[in-house]
Amino acid sequence: EEPEPEEPQPWGRLWALRKGFSKLDCVKDEYWFGRDRMCDYSFDRAALKRTEDFKSYSKKHCRIIREKGPGNKFLVFIEDHSFNGTFLNGRLIGKNKRLPLNNNDEIAINLPTHKVFVFSDLTTDDQSDLPKEFRDKYILSRTLGSGVCGEVRLAFGKENCKKVAVKIVRKLKFAALVAERGDKVSNDATEIKILKMLDHPCIIKIEEVFNFEDCFYLILELMEGGELFDRVVSCAKLKEQTAKLFFYQMLLAVQYLHNNNITHRDLKPENVLIATGEESSLIKITDFGLAKIVGETSLMKTLCGTPTYLAPEVLLTAGMGSYSKAVDCWSLGVILFICLGGYPPFSDQIESMSLSDQIIKGHYTFIPSCWGHVSEMAKDLVKKLLNVDPEKRLSPNEALNHPWIQDEEVKRKARQLMYPERELMLPPSVTEQPSTSMKRPREDDAPPLTKRLKRTSRTKTTEGLKDVM
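Position one of the sequence shown corresponds to residue 143 (our numbering), numbered consecutively onward.
Hints listed in this document are in silico derivations from the structure and should not be mistaken for laboratory results. The structure presented is a predicted model; accordingly, all values stated were derived computationally and were not measured. In this text, a Cβ means the ideal position worked out from N, Cα and C, and glycines have one as well. Just so you know, not all the hints are guaranteed correct.
With a straight-line Cα cutoff of 20 Å, these simulated EDC-like cross-link-like pairs (lysine to aspartate or glutamate) come out [stated by the list, open to error]: (1) Lys300 - Glu363; (2) Lys274 - Glu293; (3) Lys300 - Asp268; (4) Lys526 - Glu540.
What follows is a list of derived Cβ distance ranges for each label pair [what the hints assert, rightly or not]: (5) Thr418 - Asp171: 31 to 37 Å; (6) Glu275 - Met339: 19 to 25 Å; (7) Gly162 - Gly213: 37 to 43 Å.
All chains should be modelled from the sequences, with the hints used to inform the complete structure.
Structure, rendered in structure tokens:
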């Protein structure tokens, strides 16, 4: 018997980024993409034909080709043949034009945000340096973000092609931040198990943790709508109903953490992730588990970076005190203020008072030009969350019962986003209260404060959580 011919080995792989698209292993030197059924990768499939985008795809939308270049080295290109555009890493290629296609490049069609593929160059072995235990299960792809202790990368499961986010935490870099307190990295498998057991639709799920000698690999569910920070910056501020929808979900998430004796301690818009680019979207809180995994017992005892979201009681004791879960509720108040007003309540750009004094004294201003269309009930909730006395500050349960949150349309929409497969009753801790109107107090015109919303330092060591027993 003649041996069966070996199947050609793929030189590239297109990982699908959007529902309805599938993975493609590239073995030929040319691939056409489009609605035409004669295309090598035809968009004429049931899952895509049901979408609103299908008709805007061209019959022959784009082409990927592999050619021999200098020294017989193969080069890969992507060509745009569409009316509505093909984008490479957000850049429009242009009809009948081409660009080189490199490892981890993202391909979008029609819009730069309509990402459909990420390309892996299988002729380059950029996975060999990764730990084998991780490499056996995942393919690591492009960088999604980075910080002082590591980075977040896109990855795909080898068995199911599922997209995940991989947070890589370098132990040495992290340990350097807390070395002055004598903290050590924990290998407590029980702590990791507790985090993996947490299950709430508005909290990022930690699906798996790899504990290697020099780093942790945290496998997290992927959120593709970006950070709340970027959403607020791009819109200047959120519509009140959108802010309410997002904030209601945040309250439910923090309520769940607190009920499980977990205090986040680093709530900020950068740690609130949005599922999609739609205005009404599911949100999830992230970065609540890092300290628990790496044993950061002194995260809140070393204050550096911009403490925009830190509660007064933290600053009053220079980070050396013991704090209740109320620190999270203060941070929630700051986030709500930013969502509604488009600027932070406390800023280092005010010359008459230091940032710390502003926070400790609860000194902030509702600038009329920014808050004129915001309801009094929304302002009232902000005020009750930004109470400098932690004993008088609203808890998540109390905030969920605030009149501003008693909006049945928002709650219905949130339930649909959180539980798309089923209809649930309201969370048992939330009781219905009738909406009440509040008399609008007269506001003095605030001075023109130049308070620009800016990203907090990624080097700050308040990134994580600490249990409050």
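Outcome of the hint check:
1. Under the criterion of a C-alpha separation no larger than 20 Å, the hint pairing Lys300 with Glu363 is consistent with the structure, at around 15 Å.
2. The straight-line distance between the Cα atoms of Lys274 and Glu293 is roughly 19 Å, inside the 20 Å bound, and the hint therefore holds.
3. Annotation: proposed proximity of Lys300 to Asp268 holds, straight-line Cα distance about 16 Å (limit 20 Å).
4. Only pairs whose Cα atoms come within 20 Å are accepted, and Lys526 paired with Glu540 is accepted, the gap being roughly 10 Å.
5. Hint check: Thr418 to Asp171, Cβ distance near 36 Å, so the stated range 31 to 37 Å holds.
6. For Glu275 paired with Met339, a C-beta distance near 22 Å keeps the hint of 19 to 25 Å intact.
7. Distance hint check for Gly162 and Gly213: the Cβ-Cβ separation is about 40 Å, which falls inside the suggested range of 37 to 43 Å.
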